[in-house]
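> Top line first, the protein sequences correspond to chains A and B.
The C-terminal residue of the first sequence carries number 207 in this note's numbering, and the numbering is unbroken.
The C-terminal residue of the second sequence carries number 353 in this note's numbering, and the numbering is unbroken.
The set of hints was computed from the structure by calculation and includes no laboratory data.
Here a beta-carbon is modelled for each residue, glycine too, at the ideal position from N, C-alpha and C.
Mixed in with the good hints, there may be bad ones.
Unchecked claim - Straight-line distance between alpha carbons at most 25 Å, and here's what the computed PhoX-like set of lysine-lysine pairs gives:
no.	chain 1	residue 1	chain 2	residue 2
1	A	190	B	16
2	B	68	A	75
3	A	43	B	68
4	A	60	A	17
5	B	45	A	60
6	A	188	B	16
Unchecked claim - Derived DEER-like restraints, expressed as beta-carbon distance ranges:
no.	chain 1	residue 1	chain 2	residue 2	range
7	A	69	B	41	38 to 46 Å
8	B	34	A	97	42 to 50 Å
9	A	197	B	104	39 to 47 Å
10	A	193	B	41	16 to 24 Å
11	B	116	A	72	28 to 36 Å
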Amino acid sequence: MSIGEGKNRLLMKASPKIEKEMIENCKAGDQKAFAEIVLHRQKKVFNMAYRMLGNLEEAKDLAQEVFISVFESIKDLKEEIKFDAWLTQITLNHCRNRWKYLKRRHYFNSDSLEDPIETEDGNMPRAIYDPSDNPETLYEKKMIQELIQRGLLKLKDDQRELLVLRDLQGFSYEEMGELLGLPEGTIKSKLHRARMDLKEVLERSTH
Amino acid sequence: MDCERIRDRFSSLWEKGLTSLEEKDIRGHLSSCPECRREFEQFEKMMQWLHSVEEVEVPDGFFPELHKKIEERKTKATPGKRSAGRWLKLPISIKLPAQAVAMVAIVFIVLYLSKMMPTGIYHLKESKQTSSLPTSEQKSEQMLAHKEADEERKVLERPAETPRVKDVGQVETSAPAKERLDGSPPQMKAEAKKEEVPSPKSEIIAHRTYDLREQEEAKSLSAEPERAGKGFAAKEKSVVTLKPPQEIVLRISDREKVVSRLQELVKQFGGEVVATEGNMFVASLPTGTFSEFEKEVAELGSPPEEDKLIQERQAMGSLKAAPAAPGVRREEAPKRVVDAEGRKTVRILLIQE
């Protein structure tokens, strides 16, 4: 059992299972059932959006849009068992569209890894990436997360998607294959390339 | 195993997705290659960081905001907007022809309106013009006046050898022809017949119709005719002089005798003497008896020589434009013509031999 698979299982445990009945009630227009679905999946959708866009406000708005789409089109969902895959697919589609929209408006142009990382305490000097150093002593946890987030935004869209789905959301290769419509082998090789690119981006940004 | 291939297996190595033999081979290379070892160490650290990234908490008020958004969309989706949305969702095979039809309709409407506008203005202008244009009666009267003027011009342009009396006769004979040519309605003709013998009132009106321009022309010409005009101006007020009078030049030996004879002739043919001053004798005669009167007059004297005739013609030209009363208006022209049809004025120049 790999580390990734273990993490994926952990996430699956953390996300309460949505019963078939709940989805059917929601399809019938039950507001309560919809509210339950939102409460069960809002963290997952919001986090995916945040890692894909790198902005909390945009992520919140996007996650809400995703649930509006769910509310409007859940009646078209034929297989209740595939609800999670369907929800992830809606989220990914919204993320792709929003990314394009923000990119057209040069939203990410000012966001550079050379800029100081903004923390709750204010602007701090740029963190120097050195894997030999102990991150717990040299960097705060939040700074590492910020660094990773900025690195993700420097990658290609599909690379970012792969990293978010596998390393941050804990999806299995099988699930990813279904979601992205790619064979597992392709996903594995693409993911490896994305990881190596992220490593390079982080190295460049710290030296 | 080369370094590149080893580095391609980093992800599999880290995820423990390799067979034991593969893992042994790669670990062996990493222990012998410091470059690859360092690379793997950095990769491992990066992966640790990546997996250490924690989930962010959903901001407060996420669900109430979502609920509010859904409610707003529900209220915004009014029937009109829904229909607009439906239109947008319609397939292009329906939308395109509908839009094409709408465009064609717009083009036709614009063309129709653009054509209508100038036509409307044109019609308005036309109606204005027709209102300002003279009536058929007025038109026919104007035509008559023009014809008369043309006849007069012909008479003046005739070679000097032609005897004056003949000219007069020609003019006389052309009068019925004018009537034939005249396209005036029967109503107008009846009116003209009624006024064959002009009333004093109509004479005054006709007199006033003398054009001011003609007056100016007369002034610019020789002084003699001007004086002559002044001489009988007072009496002229009550006489029709609208139509340029006929001119007869007589060579006489005894002026008084000829004048008295002329007066007798005028009375005989039912006319009246307008003025007798110096060598000028002006009389007004009914059209019917005018030709006979002319013949009688011709017998009284002999026609002048050529050069003198020319001089007389010039004088006639100036006299033709006799002074008009102030405040002359062109609108009164029709009466003048009618009156002129009823009576004829003759001017006889008496030249002492």
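> Hint by hint, which ones does the structure fall short of?
Hints 5, 9, 11 contradicted; others consistent.
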